[in-house]
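Read top to bottom, the protein sequences are chains P and R. Under the numbering used here, the final residue of the first sequence carries the number 147; numbering is consecutive throughout. Under the numbering used here, the final residue of the second sequence carries the number 456; numbering is consecutive throughout.
Among these hints, one or two may not hold up.
[Said to hold, decoys possible] Calculated lysine-lysine pairs in the DSBU-like style (CA-CA distance at most 30 Å, straight line):
id, chain 1, residue 1, chain 2, residue 2
1, R, LYS268, P, LYS129
2, R, LYS142, R, LYS106
3, R, LYS136, R, LYS221
4, R, LYS268, R, LYS77
5, R, LYS268, P, LYS113
6, R, LYS268, R, LYS363
Think of the hints as simulated: they come from the structure by calculation, not from any bench.
Each chain, letter by letter, is given below.
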Amino acid sequence: MNIINNRTVFFTLLVSYFFYSVYIYASGTDALPGMISHTDESRHGQQLFQEYHCTACHQFYGLGGHMGPELTNAMSYRGGDIGEIIARAFLVNGGNGMPNFNLSESEVSALVAYLKFVDKTGTYPPKNYEVKWGMIFQEDDPEWISKEIQ
Amino acid sequence: MIGLRFMRLGVLSLAIGLFFGVIGGFQFLFPEFLRELLFTKTRAIHVSMVVSWIFLIAIGGIYYYLPQYTGKKLHSNKLAVWHYWLFLITGICVLFSYLSGKFGGREYFAFPPILSIPIFVSWVLFGFNYFKTMSYEKNPWPVYYWQWATGIVFFFLTYTEAHLYLIPYFRDNMVREIIVQWKSYGALTGSWNMLVYGTGLFIATRIGGSIDIARSKMAFGLYFLGLFNLIFGWAHHTYLVPSETWIRTFAYFVSMTELYIFGKIIWDWRGSLQQWEINRHITAYRFLFAADIWVFLNLGLALIISVPIFNLYTHGTHIIVAHAMGSTIGINTMILLSSIFFIINESRESQLSKAQIKKVVHGFWIANISLAVFLIALILAGIGKGVLYTDMPFQAMMFNIRPFLVVFTLAGITLMLGLWIILWHAYQNIGVLHSSLSNTTQEDTIKEEFSM
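Sequences are here, hints too, so could you generate the full structure?
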């Protein structure tokens, strides 16, 4: 009897895992209105970001290494083109602990395009948010955006 | 016997992983240190070797315990040997890929994704062997068999999920990519925790002399609570990634169910201390007890960082690193060391001598005290990054938290030395046990031949 109960609980959780995963893959992580589409160049930048294992030192949305700065909004948080100029300088020359990877000009441009793509996905850390019951409701959440539209 | 080979390889893996961790610590402080060996390489090697340690010892334990302690002959020794060689050869390929600067660039799995195929195949062999072996068991399973089975099943699922980024549907949407990635990693660590906790409980029942506790409703209740958290409790990694609020709210609720475990540890504290007084002379128990304390401390930290408003300040800081290190070293490593010493203590030939016990105990204290300093330094560095110096430019913030990072690196060195002392004796004595079992097997074979 006990074994049947344990099996039932296990398989119920397993089935829930599948349904939950499908939901997350589908509507739980839909593209938000502010996002821009990947271009071939930004896609190439994404590939380079992985090939050089940049996440060993850098973070997106606070996830990744701690040796270099957070990059989610590296392109925009200083305003204007300053972010891009700084990024290009580091990508070409290295410095402040970052190695010079001897990147080609097209690779630098691809990585900048990727950083611009990431920049449009949201704000990190969130600037505008509400706290209810210890929960954070932030400006880039779908609920927040749809409330603003209304 | 194959289990012991896995364990020896695991011990080597941790020893190397620790070494690269220390090199990485120095590179963190002095980026010019060993410039040819970039931090991107040392970090990847450190992570992969330490994760391999966890898998190798947990898997080795299962291969060893099933035939030796439960009377279940492995369905196929040959498959287990294949598993071993596949793991070893893939591991060497992974190391070469890192050293030559070829990356897949993902957290945990920084190697090119093509190398994931043999790892996946090796788990198919392991899973098939385990379930086939267990299919001969007619009695209801104690909870550790469930935990091992769950670890295997969820490794398959989460490892597959971790590679969904290869499909453009996932890769092209940054939010989806990042959430699915960390969903899989959260559950993946849960899956190896299942293997490790199952091992811990198995040893506890053997030391205690009764498996009743592993059949109790409480044990199953805690197991299912762990599984529930494995499946649904990963979203504290992605609280700050723009996504539907209910996913975070649900994960918040799920994470808080672990308060029950936290409370239970406090409730059982006196009983745990009594058990410590009775069993402290057993080396394996010493490590289990240390793991118990680290579970308590680490669970406390996990609960804090799972509250979204606190997560806002701790996320992306060294506090999260402290949580990860506390889990892998304080909990997983202590349980796995307990497993090793439990095994080598069971045979007269491989038992630790008094002099060896003394050295292992020294290593134990050096490692645990260093780990405490190591984690405190990381937490303080994290408070600096997430609370005190948030308005500063990155380099200025790093300059301000540097004293904590110096302490962290120094504690990392002593932690490595403490664990190396332990690992040296573990490695030697597993070897002794391996040879003694080989001799016994050879003698048995000769006897069988003569009797024919």
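Going through the hints against the structure:
1. R:LYS268 <-> P:LYS129: Given pair LYS268 of chain R, LYS129 of chain P holds - Cα atoms ~28 Å apart, limit 30 Å.
2. R:LYS142 <-> R:LYS106: With Cα atoms ~48 Å apart, LYS142 of chain R and LYS106 of chain R exceed 30 Å; violated.
3. R:LYS136 <-> R:LYS221: OK: LYS136 of chain R and LYS221 of chain R at ~26 Å, within 30 Å.
4. R:LYS268 <-> R:LYS77: Since the Cα atoms of LYS268 of chain R and LYS77 of chain R sit roughly 37 Å apart, the hinted pair is violated (cutoff 30 Å).
5. R:LYS268 <-> P:LYS113: violated, 48 Å
6. R:LYS268 <-> R:LYS363: Between LYS268 of chain R and LYS363 of chain R the Cα gap is close to 34 Å, so the pair fails against 30 Å, i.e. violated.
Violated hints, in rising order: 2, 4, 5, 6; the structure is consistent with all others.
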